[in-house]
Amino acid sequence: MAESIREKAAEDPLTRKGLEMLAEVEKGPWPSHVSELKKGKYPIEAYAKGLGQGLPPWFSGSAKIRCEFTGFIARRTKDGKQTELHFRVYHPSGQFYRTENLRKLLDFADTFGLGSVETVGQTGDLIVPIQPELADRAVDELRSLGTDIGGTGDTIRDSAACVGPALCEFALFDSLAARDYFFEYPDFYDKLSTQLFPFKIKLKFSACPMDCARAVHRADFAFVGYWKGAPEVDQDALRAKIAAGETSWKDLAAGCPGKAIRWDPTKQKLIIEGAKCRKSMNCIRAAFPAIRPGPDRKIAFMVGGHSKGRWGPKMAKPVALLDDYRHAGPFMTRMIEYWSDRSPHKDRLGDLVLTEGLPKMVGRFKDALPGPSTGKAAGGPRIVTSSVLSEEERGAFAAWADAIAREYEERI
Amino acid sequence: MAAPADPQSAPTYRLKKVVPVPYTRNLPDIVRRNVGHWVDRKFHGSGIVEHISDTGDHLFTVKAGGTPNVRFSTETLRVFAQIAEDHGVGALRFTRAGSIEILSGSLDQALAAKKAIEKIGFYVGGWGSSLWSVGSCTSYLTCTTAVVDAPSLTQAIYNQLVPYFTGEIPLPSKLRINVTGCPTACGGLVADIVLVGHYGAAPSFDPDRIRLCLPSSAKVLAQVVPEVQMVCPVNAIESFARPDGSVGIKILEQKCIGCGRCKDVCDHITWDPDKIGVSVLVGGKSSNTGVGPTLAQVLVPWIPARPPRYRESVAVVRKLIDVWRAGAKPGERVADYVNRIGMPAVFDLLKVPVSRWNRPTRLGTGFGVRQFASP
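Protein sequence lines, in the order shown, are assigned to chains A and B.
Just so you know, we're using our numbering here: the first sequence kicks off at 1 and counts up by one.
Just so you know, we're using our numbering here: the second sequence kicks off at 1001 and counts up by one.
FYI, nobody ran anything at the bench for these hints, they're computed from the structure.
Values in this document were obtained by computation on a predicted structure and should not be read as measured data.
Worth double-checking, as some hints may not be accurate.
[To be verified] Which residues of chain B face chain A? A partial, calculated answer using Cβ under 10 Å:
| no. | residue |
| --- | --- |
| 1 | T1095 |
| 2 | E1101 |
| 3 | L1141 |
| 4 | T1142 |
| 5 | C1186 |
| 6 | K1219 |
| 7 | F1240 |
| 8 | V1247 |
| 9 | G1260 |
| 10 | L1349 |
| 11 | P1353 |
Even glycine gets a Cβ: it sits at the ideal position worked out from N, Cα and C.
Isolated chain A, as found in the complex (with noise of 0.2 Å):
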């Protein structure tokens, strides 16, 4: 049946033309997704239906799972004949398989699925094409294998961390354990599963300024590692790293951007001035472990940032600098109540952190952090990634495009 209603799928001369287009895109080098979705049974003449018409093939469809409101995804596409259903399933802080149970998962995919899987979607999950008939039988088994559909719509989503101590020396704190601990947090673990919100709320979770899970951009509430003050010095160390030839204080003094360091010849010193310091992590990658992060650690407590909201993308605004990643619950259960409230749907918390202003947000529920609020939020031009052309832009943006095309034909 499946196999009927694909090869008919195929005779549309839309899809042909995708079909034709995805084998010219699956030529390489570089591995390709269309030769790995093809040794499934992804459908993939609704994929090429997409590129050969320039719109996407899908519509929002349905799927019948008990007792289950988010996790999923179910696409069909406009003449209803193929559909689409995938879950989002959640890794494991970090992403580390042993291969057993890699293997166990692969099974899974293949018993249940199409036989491919997106090992990371955006929001963080692995993404599981399903089998419609088998996906309520699916949420029982993929519970028996310690995990389960993540979040999708408007809930709390998986939230993501970045390697952290587990492979990295530069975290500042336990960025995996700190996702553990609110997937268990009780006023969120009960959320999980039921879209109470204005829109989505998400967490991440980085171990050092470096902010490997990208959370001062794609989260609501971001926690990244910090230190106050300057780095700590080991000038033994450093001074057999400048020995050596590894570094010099010159590089380390210009590569700083807050001008904070300066060598001092006599005592063959190099002093770093705390205040200056902007954790920019420059002087402490360069000659590891001579320079490390000040003692001092601290989590950087921000809220409001997205790249999907009403007034476009954001970046996250400084709400405290907490001693512990546990301080931050309180907070952010009283500001999501206090969000719920008021947005309207698909306004993210940082739309309303922008119109109510950050002193004034952050001030009414102040009592529930443990120190004071901190931090002087920057400021940037609003970014809007589209554009609304005349016909006359379109046509000297696309010369522009197009002689730039021709230099690059001609050195081929």
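Please arrange chain B on chain A, whose structure you already have, making use of the hints.
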């Protein structure tokens, strides 16, 4: 958690999610005993990192680049699992950027893993001063709002940039590219180069089906604002009642910014496929190095995005990389380079036509943890 004997009985047990904690359960032994003990790292080429622990352990991670939108067949992932067993400690890790990291116990093992990965057609690289990854949203693979198909565009970009990933051609510093199919920019704007698919014009709607997104009658419309209208940030959608009691909308092109939020709540918003294209943004990053975290800014508001080769989009990406390679100091991310020479200079170098959608504004700086550290 077992299902109740009678599957028809209210399965309320389902409301309790099973969460994969603690994370330590999934760690291979060598990682578990070294959590928090890593003290240093060494690079062996652009795809192998040696992690050095104060316990005396050494672990090598071998990084393989993922397919566009990191779609893998279970067959291929089983091969990766086999490689992790044959040439590693029996574990691997998926990175948030979509790479696969094989964990090996020695450099010899790591090199063997690299060889095995290359044998199945994947590339090892993506660390240090190289192309780390090209992030891609799912677009036409499952999304209803995608304008441009990001995975095939990502493929076209990757096909041309392999030597930057493997480290064969060194770059001034790390390079991350995000390709996203609609103005929502799911992948975010914290990448050095971001391509965002959009309509190129104001969207339109399916006149027959738009009623499915609207109140059923004029009477109901008098009491509520339709969601498709409410979500518009610039009030470019107006709803109205017809004399026959039916309801319709108007999209005001002069006000519309093409953000696609209406499409997000209504499947029946549509567009003219002949006008779609991508905007090109530069200078985003999340790391606090250099100028600190910053959002990418619009350099060009629209260029054609034509599958399967995406001739113009790919050429513009290559051009940007070449300009950056020629002008950047060692270690300078695109954001740091743009910040140093100034956005107007970047516009001049590339001779980009300026419109009201792409003015050469400075990158926003001082974000992230720097907000706690500013003097």
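Out of the numbered hints, which ones does the structure contradict?
6, 7, 8, 10
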